[in-house]
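Visitor: Residue-level listing of the chains:
Number of protein chains: 2
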Amino acid sequence: MIQVNLTNMQSFVTPNYETELAARVRDAHDKLQLGTGAGSDYIGWVRLPADYDKDEFARIKAAAAKIQSDSKALVVVGIGGSYLGARGVIECLCSANYNLKKKNTPNIYFAGNGLSSDQLSEVVELIGDDDFSVNVISKSGTTTEPAVAFRFFRKLLEEKYGVEEAAKRIYATTDRARGALKTLADEAGYETFVVPDDVGGRYSVLTAVGLLPIAVAGVDIDALMAGAADMMNTCAKPELAANPAWQYGAARYELYRTGKKIEVLAAYEPNFRFMCEWWKQLYGESEGKENKGLFPASVEFTADLHSMGQYIQEGERHLFETVVRLGASNTTNVIPFDTVNGDGLNFLAGKDMDFVRQQAMDGTLLAHVEGGVPNIIVNVDKLSAYSLGELIYFFEYSCGISGYLLEVNPFDQPGVEAYKKNMFALLGKPGYEELRAALLAKLNG
Amino acid sequence: MIQVNLTNMQSFVTPNYETELAARVRDAHDKLQLGTGAGSDYIGWVRLPADYDKDEFARIKAAAAKIQSDSKALVVVGIGGSYLGARGVIECLCSANYNLKKKNTPNIYFAGNGLSSDQLSEVVELIGDDDFSVNVISKSGTTTEPAVAFRFFRKLLEEKYGVEEAAKRIYATTDRARGALKTLADEAGYETFVVPDDVGGRYSVLTAVGLLPIAVAGVDIDALMAGAADMMNTCAKPELAANPAWQYGAARYELYRTGKKIEVLAAYEPNFRFMCEWWKQLYGESEGKENKGLFPASVEFTADLHSMGQYIQEGERHLFETVVRLGASNTTNVIPFDTVNGDGLNFLAGKDMDFVRQQAMDGTLLAHVEGGVPNIIVNVDKLSAYSLGELIYFFEYSCGISGYLLEVNPFDQPGVEAYKKNMFALLGKPGYEELRAALLAKLNG
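Here the protein sequences line up with chains A and B, keeping their order. One point on numbering: in the working numbering, the residue at position 250 of the first sequence is 250, and numbering is uninterrupted. One point on numbering: in the working numbering, the residue at position 241 of the second sequence is 241, and numbering is uninterrupted.
If you are wondering where the hints come from, they were derived from the structure by calculation, not from laboratory data. One or more hints might be untrue.
As the list claims (entries may be wrong) - Derived pair list, reagent style DSS-like, types lysine-lysine, alpha-carbon separation capped at 30 Å:
(1) A:102 - B:155
(2) B:351 - A:442
(3) A:101 - B:168
(4) B:351 - A:420
(5) A:160 - A:66
(6) A:54 - A:31
Claimed, not checked - Computed footprint of chain B on chain A; a stretch qualifies when at least three of its residues, placed anywhere within it, have a C-beta under 8 Å from a C-beta of chain B:
(7) 79–85
(8) 113–124
(9) 407–418
From the three backbone atoms N, C-alpha and C, an ideal C-beta is built for every residue, glycine too.
Could you put together the complete structure from these sequences and hints?
Guide: Spelled out as C-alpha cells, the structure:
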C-alpha cells in the first residue's frame with residue numbers, strides 16, 4: 001500500500017493546517033467523486049480502474065500478443081500524455097535499458113514526440129531489417145509531431161510490406177468515433193483502440209494509450225489495473241487518516257501556500273526517471289495556470305546528491321522534496337570484503353546494497369530537513385506492476401485534490417495552444433495569414 | 001561561434017542593466033583571469049584548453065585505442081562531475097542510444113553513480129560475456145558510490161581475467177600523488193590519469209575525467225579541445241560586446257535579481273538531455289549556497305511543450321528560459337506528401353524537418369515571451385565535437401562570472417558533505433558513533 005509520511009514537513013507549516021483545510025479537501029474530493037467541479041467532463045479516470053472497457057482490454061492483450069509474435073520492434077508514435085506514461089511504466093518496470101536487454105518481447109522505440117530529424121533517422125536505423133509494427137496514438141490525428149512521424153513510419157511500413165500487410169501492423173489509438181486518425185484507420189482497416197472522451201492525455205496511461213505499449217513490453221497489465229483499482233478504493237475514503245491522496249494533496253498545497261514554489265520529486269532508482277517526467281506533466285499541466293502552481297522538478301538520487309544536492313541543501317529556500325521510496329530491490333548485491341581496504345569501506349563488507357541505500361535515504365532526509373527543506377515521503381511496496389498501478393492512481397487522485405485546492409481547473413491545458421498557433425502561422429498553414437504577418441514582424445524586430 | 005541573443009529578455013529588466021553591472025562583471029572576469037576571487041585554488045579550468053598536459057592527452061588517446069581494440073564494453077565508474085560530463089558529451093555527439101547502435105567502438109556503461117542494486121546487476125548482465133575494461137574515476141577513491149561499485153567490477157574483472165590481466169584493463173583517473181585510489185593503482189599497476197588539484201569535479205569534463213570515456217566512444221577529443229580553446233580566447237576578451245559569457249552571466253544574474261528564481265534550460269534535441277544534467281550540476285552546485293541562487297531545471301522540446309509547456313506558458317511567473325539552439329541536423333528528412341491528407345499537413349509536404357523545428361522554436365519563443373517568460377537564446381553552430389567544446393567552455397566561464405556576481409564562492413560545495421556525514425553515521429562507520437546516536441534518535445522520533 002502507498003503510505004505517505006508527513007513527519008518531516010510538519011515543522012514548516014501551521015501545526016493544524018490539516019484541520020483548517022479539512023472542509024476544502026472534502027469539497028475537492030466530492031468534486032472528483034460527484035463530477036461537480038471545474039473540468040468535470042474529464043474525470044473519467046476517477047472510476048477507470050473499475051469501469052474500463054473489458055472487451056477492449058482483451059483486445060489490447062491480443063494485439064500485444066500478435067505484435068510480440070510478428071515484430072521485433074514496436075514504434076510508438078505519440079507526444080505528451082500519449083508518450084510519457086507508457087515510457088515511464090516500461091522504463092520503471094522493465095528498465096531504462098529495456099531495448100538493450102536480451103528478451104522475448106519487441107524493442108520499443110518512441111517517436112513523434114518532438115521534431116528532431118536525427119532522432120527520426122535514428123529510429124529508422126535502429127529498426128534496420130527487423131520486422132516491426134506501429135502504434136500511433138493521437139486523439140485528433142492532427143497534432144503536428146506525431147502526425148509528421150506517422151507519415152514517415154507508415155510509408156516505411158508500406159514500402160516494406162505493401163499497403164495491405166502494413167495495415168495489419170498499424171494500431172491506432174484515437175478517438176472513438178471521429179477525427180483524422182479514426183477516419184484513416186477505418187478506411188485503411190487498422191485495428192483501433194480508444195482515447196476516451198472523458199480522460200485527458202496526462203491521465204490516460206491506464207487506457208489503451210498506455211496499456212498497449214506497456215503490454216507489448218511484457219508488463220502484466222492486469223496487475224497494473226488491479227493496483228490502480230485498489231488505490232481507487234482507498235482514495236474514495238472520505239477521511240484524512242485513511243486517504244493518502246488527501247494527505248499528500250493537502251500537504252503540498254499547504255507548502256505552496258507558505259511560499260515553497262518548487263516541488264522536487266526524488267527517487268533512488270535510475271529507472272524511475274521517466275515516471276518523474278510523467279509526474280511533471282501530470283502536476284505541471286494540471287496546476288500551472290492563472291500565474292500559479294508549484295513548479296515540478298525531479299532528481300535521481302544518489303546521483304544528483306552530487307549535482308543538485310548542493311542547491312537543495314543550501315540554495316534558495318523556496319523548495320520542498322517529495323521522495324518516492326520504492327521497496328526492496330529485485331536483486332541482492334552483497335558488498336565484497338577487500339583485504340587492502342584502501343577505500344576504507346570494509347565496515348560495509350557483507351552488507352547488501354539495499355541496506356546502504358536505506359541509510360543514504362535516511363541520512364539525506366535528515367540533512368535536507370536540517371537545511372530547511374520540508375520533506376514528504378511516499379512509501380511504495382516492492383516495485384511491481386501492481387504497486388506501480390497503485391502509485392499512478394495515487395498521484396492522479398492527489399493531483400485532482402491539489403488542483404481543486406488551488407482553485408484551478410485541473411483538467412484543462414489552455415496554455416498548450418499558444419505555441420501551436422504560432423508554429424502553424426510560421427509554418428504557413430492556410431488560415432493563419434494574419435497572425436503569420438504579425439509574428440514575422442515581431443521576429444524581424 | 002556561440003552567439004547569445006538577449007532580445008527577448010530585455011523587456012523584463014531595467015534597460016541599462018548591462019551598464020549598471022559593467023564594473024562588477026569586469027571585476028568577476030578579473031577574478032577568473034587573475035585568480036583573485038573566492039575559491040581561486042580551483043580555477044585551473046580557465047586556462048585548461050591551452051595549458052593541458054599534452055603527454056597525458058596522448059596517453060588518453062592511446063588508452064582509448066587500446067580499450068577499443070580489446071574491449072566490447074567500458075564500465076565508467078564515477079559520480080557527479082566524474083559522471084555527468086562524459087555521459088552528456090557522449091549522448092549529445094553519439095546519441096542517447098549509443099549502446100544500441102551498430103558501431104566499431106565499445107558500449108559504455110555508467111556505474112557507481114548511485115546505490116541502486118538493480119542497476120548494478122543490470123550492468124553486469126548487459127556486459128554478459130563481452131570483453132570489458134573499467135575506468136574508475138575518483139579523486140580520493142573513498143567516495144562511497146563509486147568505491148562500492150569499483151569493488152564489484154574489479155572483482156568481476158579479476159575473476160574473469162585473473163589479477164594480473166585485470167590490472168591491464170583498469171584505468172584509474174584520480175589524484176596525481178595521493179589518496180586511496182592512487183595508492184591502489186600504483187600497487188596494482190593500473191594506468192592512471194590525473195584529476196587536477198585546481199579543477200573541481202563539475203568543471204572537469206575536459207580533463208582525463210571526461211576525455212577518456214569520451215575518446216573511447218570515438219569522439220574527436222582534439223576537436224573538442226580546439227572548440228574549448230577558441231571559446232577560451234573569446235571569453236578572455238574584456239568587453240561585453242565581444243564576450244558571450246559576460247552577456248549570458250550578466251543577463252541571468254539580472255533576471256534573478258528581478259525575482260526570476262528558476263532558469264529552465266531547453267533544447268530541441270533529445271540527445272541533449274544529459275548535457276542539461278551536466279549544466280544543472282555546474283550551475284546548481286556553483287551558485288546554490290547561502291540561501292540563494294537560481295534553481296536550474298531543464299526541458300526537452302518539443303516533447304515537453306506537451307507536458308511542462310502549460311506551466312511555462314501560464315504558471316507562476318518566477319522563471320525564465322535559456323534555449324540552446326543547435327544548428328542544422330546531421331540528417332535531412334523531407335515530409336512526404338499524402339494523397340488522403342487526413343492530418344491536413346500537406347502544406348508541409350516537401351519541407352525538411354529542420355524547417356518545421358525552426359518554426360516551432362520561433363513560435364514557442366514568441367508564445368512564451370508573450371506569456372511573461374523572459375527568454376535567452378544561445379545559438380550554437382551545427383553540432384560537432386568542436387562546437388560542443390565551445391559550448392562547454394562558454395557555460396563554465398559564464399558560471400564563474402555569474403557566481404561572482406552573486407557574491408558566492410562558485411568553486412566550493414560545502415553542502416554536499418551533509419548527507420554523506422549522516423550516511424556514514426547511519427552506516428555505522430567507525431568514528432561517527434556520537435552522530436549516529438543523535439540521528440537514530442531523530443529518526444525514531
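Visitor: Does each hint hold? Answer for all of them.
Guide: Now the hints, each set against the structure:
1. A:102 - B:155: 24 Å, holds
2. B:351 - A:442: This hinted pair holds, its Cα atoms lying about 23 Å apart.
3. A:101 - B:168: Satisfied, since the Cα-Cα distance of roughly 28 Å is no more than 30 Å.
4. B:351 - A:420: 18 Å, holds
5. A:160 - A:66: Distance ~18 Å between residue 160 (chain A) and residue 66 (chain A) Cα, so the pair holds.
6. A:54 - A:31: 26 Å, holds
7. 79–85: n = 5 at 8 Å, threshold three: holds.
8. 113–124: Per the Cβ count (10), the hint holds.
9. 407–418: holds (count 5)
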